[in-house]
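There are 2 protein chains.
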Amino acid sequence: MQFHHHGYVSGDPRVHEAAGLGLDRAVDLPDELDVLIVGSGPAGMLLAAQLSQFPDVNARIIERREGRLVLGQADGIQPRSVETFQAFGFAERITAEAYNIGWMNFWAPDPQNPRNIVRTARTEDYALKISEFPHLIVNQARVLDYFAEAAAHGPGRIVPDYGVEFLGLTVHEEGEHPVEVRIRHVAGERAGEERIVRARYVAGCDGARSRVRDAIGRKHLGGVSAHAWGVMDVLVNTDFPDWRVKCAINSEVGNILHIPREGGYLSRMYIDLGEVAADDNHRVRQTPIEDIIRHADEILHPYSLDVRQVAWHSVYEVGHRVTDKFDDVDVDQGHDPRVFLTGDACHTHSAKAGQGMNVSMQDGFNLGWKLGHVLTGLAPTALLSTYSSERQPVAQQLIDFDREWSSLMARKPEEISDPTELATYYLGTAEFPSGFMTQYGPSIVVGDAAHQGLASGFPVGKRFKSAPVTLVADGNVVHLGHHARADGRWRVYAFADRDGSALEAWASWMASPGSPIARHTPAGADVDAVFDVKAIYQSGYDEVDVTTVPAVFRPETGPLGLRDWEKVFAAGPTVWNEVDVFQERGLSRDGVVVVVRPDQYVAAVLPLTATDELAAFFAQSLLPAR
Amino acid sequence: MQFHHHGYVSGDPRVHEAAGLGLDRAVDLPDELDVLIVGSGPAGMLLAAQLSQFPDVNARIIERREGRLVLGQADGIQPRSVETFQAFGFAERITAEAYNIGWMNFWAPDPQNPRNIVRTARTEDYALKISEFPHLIVNQARVLDYFAEAAAHGPGRIVPDYGVEFLGLTVHEEGEHPVEVRIRHVAGERAGEERIVRARYVAGCDGARSRVRDAIGRKHLGGVSAHAWGVMDVLVNTDFPDWRVKCAINSEVGNILHIPREGGYLSRMYIDLGEVAADDNHRVRQTPIEDIIRHADEILHPYSLDVRQVAWHSVYEVGHRVTDKFDDVDVDQGHDPRVFLTGDACHTHSAKAGQGMNVSMQDGFNLGWKLGHVLTGLAPTALLSTYSSERQPVAQQLIDFDREWSSLMARKPEEISDPTELATYYLGTAEFPSGFMTQYGPSIVVGDAAHQGLASGFPVGKRFKSAPVTLVADGNVVHLGHHARADGRWRVYAFADRDGSALEAWASWMASPGSPIARHTPAGADVDAVFDVKAIYQSGYDEVDVTTVPAVFRPETGPLGLRDWEKVFAAGPTVWNEVDVFQERGLSRDGVVVVVRPDQYVAAVLPLTATDELAAFFAQSLLPAR
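Heads up: the protein sequence lines correspond to chains B and G, in order. Just so you know, we're using numbering that gives the first Met the number 0 here: the first sequence kicks off at 0 and counts up by one. Just so you know, we're using numbering that gives the first Met the number 0 here: the second sequence kicks off at 0 and counts up by one.
If you're looking for bench data, these hints aren't it; they were derived computationally from the structure. Each hint should be verified, as a subset may be incorrect.
As the list claims (entries may be wrong) - Some chain G residues well away from chain B (every beta-carbon gap over 12 angstroms; in silico):
| hint | residue |
| --- | --- |
| 1 | 5 |
| 2 | 85 |
| 3 | 113 |
| 4 | 115 |
| 5 | 176 |
| 6 | 284 |
| 7 | 310 |
| 8 | 331 |
| 9 | 473 |
| 10 | 511 |
| 11 | 517 |
| 12 | 558 |
| 13 | 608 |
| 14 | 619 |
Unchecked claim - The calculated DSBU-like cross-link candidates involving lysine-lysine, where the alpha carbons are at most 35 angstroms apart (straight line), are:
| hint | chain 1 | residue 1 | chain 2 | residue 2 |
| --- | --- | --- | --- | --- |
| 15 | G | 218 | G | 128 |
| 16 | B | 128 | G | 464 |
| 17 | B | 324 | B | 464 |
| 18 | G | 128 | B | 128 |
| 19 | G | 411 | G | 128 |
| 20 | B | 464 | G | 218 |
Keep in mind that this is a model prediction, so the values were computed, not measured. A virtual CB, placed ideally from N, CA and C, is assigned to each residue, including glycine.
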């Protein structure tokens with residue numbers, strides 16, 4: 000963590016220095032603003048945290064509820080989300096308070112006595128084999144707390160406007176702030192007042208019953224199945240030995256997905272309530288908690304539950320819906336979008352695979368920097384069209400995966416020939432629920448795969464998978480990817496050739512007038528304000544002299560003109576690190592440039608000599624500097 | 000982290016439920032109280048955080064300064080301190096913002112050109128070889144912030160009374176609150192007012208010029224050497240390649256101890272200003288910062304410093320003093336102490352070995368639980384006499400070590416025959432500066448070593464060295480010692496025999512009327528309120544049924560009577576854990592009981608069959624339950 004860049008900092012380094020609108024942010028929601036975020040769920044809160052890193056952008060987040068969320072439904076945190084938390088600065092804190100999924104166990108009817116369940120498989124959870132980050136369970140309310148803190152402590156000092164309801168919007172063809180939004184204050188001094196606010200952009204993060212979606216006329220396609228589930232967060236005493244292990248329980252009388260929760264004691268159970276009659280008309284949603292508990296108890300036989308407290312419960316029918324497009328502009332309309340949909344507002348599905356909150360956060364992460372770049376004049380408005388084109392297919396994949404997984408979970412014992420089949424499926428598909436299967440196609444922010452062979456372990460369009468390297472300046476082992484904070488900057492990783500001569504030539508070019516740095520960095524800004532350029536040498540850290548590497552890797556920035564010592568890394572082994580990133584990620588020993596987007600996706604893989612191509616790539620999504 | 004013990008918790012789990020005095024703590028410093036802590040340095044703040052875990056004890060902490068410390072001198076954090084932070088709940092947070100010492104490098108005159116320095120050795124820092132915790136550098140101000148948070152968020156809700164000066168005290172022979180303390184409000188509404196407050200106990204944590212020490216007539220023995228050092232925290236640009244590595248630099252014109260700081264950019268330099276003339280009369284302390292910088296520049300030749308900001312600087316002569324006894328009672332006075340000294344109030348030395356803050360914190364950790372136990376009626380007042388008898392020898396060892404280390408650091412090149420000698424000394428003595436050499440002698444809270452052979456890796460009197468085990472309930476690998484929070488409880492680790500039969504017999508006895516639990520746990524309190532009893536089996540975690548282990552290992556506690564699932568561990572290997580604690584710590588396969596104090600020191604090692612001895616051990620330092 001670096002933080003004395005503007006002079007000595009004595010206090011909490013997680014509180015960034017205020018800047019721009021954050022210096023004196025208006026308490027009241029203004030009449031005109033840049034971005035109005037509707038809804039403070041995971042996507043909306045992440046967006047707020049991200050836009051707080053662009054303090055000249057006037058972004059606000061409205062939420063009908065009067066304050067902080069107390070009980071959140073979602074709780075599954077895939078490794079990709081923990082990786083994202085790391086970029087926002089709170090991974091280590093939330094991990095310390097979360098439940099860590101080490102195993103997933105499977106239960107099925109005892110062949111000798113089918114009325115009893117027995118454990119049929121113990122399966123290691125996939126997380127630690129796929130990522131350096133764990134697979135966690137923690138209440139959505141806490142995730143929102145941490146993002147709210149990041150938003151409030153970012154330079155823009157964004158705090159939610161609670162007690163403000165979205166009523167509707169109209170997108171005008173003209174004007175600086177073309178989105179006219181009708182809102183109502185439902186709490187506070189102005190309670191009852193209806194107003195109009197005008198925004199440049201609106202993000203609809205307002206959940207499955209999104210009014211923003213309705214306002215732009217998008218359709219939520221799909222439907223609700225005839226299968227109902229009860230869900231409860233309960234504090235119990237029980238003789239069920241796997242109370243603290245994630246389990247899929249398949250019994251003669253129904254199924255349970257059982258997920259231990261953070262804090263000990265607490266677990267969540269998804270209890271199969273079976274097929275719903277055609278004429279049920281959602282009456283199943285009125286199922287009393289006592290019935291749900293009784294059914295859980297029957298499924299767990301011969302074990303039983305003594306429920307001491309029900310923290311939360313609900314009943315729902317599994318639905319699978321996805322919105323056809325995630326913004327307000329059809330392809331042939333020829334202008335760029337003004338309104339975006341994220342999270343449950345554009346994709347809803349079962350909770351079984353623990354995906355919802357995670358995919359929603361990635362929606363926000365995808366959209367945030369794009370809005371930031373466009374609104375600060377860095378990028379053309381065309382960048383915003385990539386949001387829907389990148390995220391809509393991801394949502395469709397999610398729906399497909401979830402439909403398969405939730406059907407598997409709801410099978411009857413007689414439909415299951417191999418009791419280990421579910422376990423095998425769980426492990427075989429692990430990369431998807433971990434959040435690492437997303438791969439964006441070519442666009443102005445994703446290059447082609449022509450040079451993929453130079454860096455086989457960094458597939459273009461997938462998220463940059465970190466690896467341990469040595470920070471040359473202090474000899475500490477660090478995760479290369481963890482230096483990439485959610486600060487809206489592009490990362491350019493220059494992996495050196497054997498003797499460093501090609502790297503040196505590349506670095507000279509990067510410091511020259513024709514380079515992306517010169518073309519796209521605003522006048523007066525720090526040289527690394529848009530591009531965070533790092534070098535990774537093949538040699539041991541003690542063979543690199545950090546004081547004589549090319550100047551682009553040791554910029555002097557900030558009001559004191561201090562040299563940055565943390566942009567030069569070495570891949571060679573040390574007593575603290577056995578991993579060689581060149582070998583681990585299949586990198587060419589002739590060197591390679593890996594370009595990573597602000598949301599951590601690999602945008603381009605190029606030879607060190609392909610300077611024209613690199614310049615051309617950035618010229619698509621960045622404007623000439625003001 | 001467990002936290003739903005009293006029902007579902009939605010908010011920050013680090014904020015404990017208020018209890019006792021914490022429910023409605025008076026804003027004003029009361030006229031009568033249990034413990035008055037004088038001074039909010041590391042020892043005092045830790046004491047406050049610890050006593051906040053005893054919410055029925057009325058403890059307050061006064062500090063002359065008007066608010067939070069902004070610039071702290073100390074910054075070296077040994078692994079033992081990080082271990083302590085873990086017990087107070089903030090190790091992962093402070094580690095994330097600290098500088099991690101991976102290496103220590105040594106520089107000396109170039110034999111070819113002695114006016115230049117050259118690097119003579121790179122030495123791996125000792126920390127990770129000795130402990131699972133790192134060796135950190137972080138500003139004392141941040142350490143205090145975290146302890147202040149722990150004090151404010153503990154059940155007792157203790158916050159410092161800033162702007163209150165200690166003037167003097169008198170210990171009376173009689174009365175419930177025999178320590179009469181004169182204070183003056185120097186800030187706030189009552190500024191200028193002098194008052195008397197009466198305390199049962201006073202902790203003097205008021206630094207090297209301690210007025211509490213003077214008030215009880217203790218002498219600070221030792222003296223100041225004739226060797227002066229300048230110290231500065233600076234933001235610089237430099238071509239010195241080890242600016243971000245801890246270094247000992249020995250040049251023809253003087254010596255530097257160079258320590259990179261948290262946050263990047265910043266480093267601290269201790270600069271040798273040489274011998275001071277006999278008639279100097281501390282004039283050296285007036286040395287201007289420009290002279291110190293110039294001297295540093297000369298020492299670093301051929302490298303140079305371009306100082307952009309001086310965050311802090313000072314000049315001092317090395318002193319080595321230790322107070323003869325750390326409380327107000329001489330051995331032959333026959334009554335128990337009322338006033339205690341901690342930290343710099345009773346031991347001062349050079350800053351060179353980075354020990355001061357660390358040893359001070361252990362003073363506070365040693366004293367805190369003892370005061371808590373005595374004041375809640377758990378323990379006899381005789382327990383308090385062990386504070387000075389345990390901590391005074393530790394301070395003496397520290398002075399001896401520091402005297403040797405700081406002389407080695409101040410040698411001239413011609414006094415050094417072997418340039419690697421300093422590096423060798425550094426590594427050879429590493430366990431001491433890591434904080435793990437402290438070993439308390441036998442007392443009412445440290446047993447004898449008669450059965451040490453049953454647990455050779457847990458030396459009686461030394462701190463309990465954690466090891467990874469598997470939590471049976473969820474199959475996660477956890478550090479056994481990290482479950483021991485600074486909550487004032489005794490830990491009893493029952494390591495099982497091969498087939499568990501001896502453990503079962505021991506557990507039955509622990510649940511019987513003659514056991515320490517029955518004798519010392521207050522009526523109405525949870526069964527684990529005084530003794531946190533854990534079982535560690537030799538087998539794989541999947542061979543232990545956590546629902547049928549002896550009841551003492553699965554107590555039902557709290558208002559909901561919830562079963563605790565986190566007291567049963569397994570040593571057998573899993574895919575996540577290769578370490579077998581029995582092998583790693585030399586534990587008898589016939590089982591062994593290891594008793595650990597609330598401040599994490601091993602108090603006793605006994606066979607599972609030695610139940611009478613265990614009962615007798617606790618009867619020395621715990622009273623029969625009320």
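How the hints compare with the structure:
Listed as outside the interface, residue 5 of chain G is inconsistent with that label: its C-beta sits roughly 10 angstroms from the nearest C-beta of chain B, within the 12 angstroms cut-off. With a least CB separation of 10 angstroms from chain B, residue 85 of chain G falls inside the 12 angstroms interface cut-off, contrary to its annotation. Annotated as non-interface, residue 113 of chain G keeps its C-beta farther than 12 angstroms from every C-beta of chain B; the closest such distance is 22 angstroms. No beta-carbon of chain B is positioned within 12 angstroms of the beta-carbon of residue 115 of chain G; the least distance is around 15 angstroms.
Look at residue 176 of chain G: its CB is around 37 angstroms from the nearest CB on chain B, clear of 12 angstroms, so calling it non-interface holds up. Every C-beta of chain B lies more than 12 angstroms from that of residue 284 of chain G, the closest at about 23 angstroms, which supports listing it as non-interface. A Cβ of chain B approaches the Cβ of residue 310 of chain G within 12 angstroms, the least distance being about 4 angstroms, so the stated non-interface status is violated. Annotated as non-interface, residue 331 of chain G keeps its C-beta farther than 12 angstroms from every C-beta of chain B; the closest such distance is 47 angstroms.
With a minimum CB-CB distance of about 4 angstroms to chain B, residue 473 of chain G fails to clear the 12 angstroms threshold, and the non-interface call is violated. Residue-level check passed: residue 511 of chain G sits 23 angstroms from the nearest beta carbon of chain B, beyond 12 angstroms. Distance check on residue 517 of chain G: its Cβ is at least 23 angstroms (rounded) from any Cβ of chain B, clearing the 12 angstroms threshold; non-interface status holds. The beta carbon of residue 558 of chain G sits about 9 angstroms from the closest Cβ of chain B, which is not more than 12 angstroms, so the claim that it is off the interface is violated.
Every CB of chain B lies more than 12 angstroms from the CB of residue 608 of chain G, the least distance being 29 angstroms, so the non-interface label holds. Distance to chain B confirms residue 619 of chain G as a non-interface residue, since its nearest Cβ pair spans about 33 angstroms, more than 12 angstroms. Pair hint residue 218 of chain G plus residue 128 of chain G does not hold up; C-alpha atoms about 39 angstroms apart against a cutoff of 35 angstroms. Distance hint between residue 128 of chain B and residue 464 of chain G is fulfilled; the C-alpha atoms sit about 29 angstroms from each other, no more than 35 angstroms.
Of the supplied pair hints, the one linking residue 324 of chain B and residue 464 of chain B holds, its CA atoms being roughly 29 angstroms apart against a limit of 35 angstroms. For the hint linking residue 128 of chain G to residue 128 of chain B, the alpha-carbon distance of about 25 angstroms falls within 35 angstroms, and the restraint holds. Distance restraint check for residue 411 of chain G and residue 128 of chain G: the Cα-Cα separation of roughly 31 angstroms lies within the 35 angstroms cut-off, and the hinted pair is therefore satisfied. Between residue 464 of chain B and residue 218 of chain G the alpha-carbon distance is near 60 angstroms, which puts this suggested pair outside the 35 angstroms criterion.
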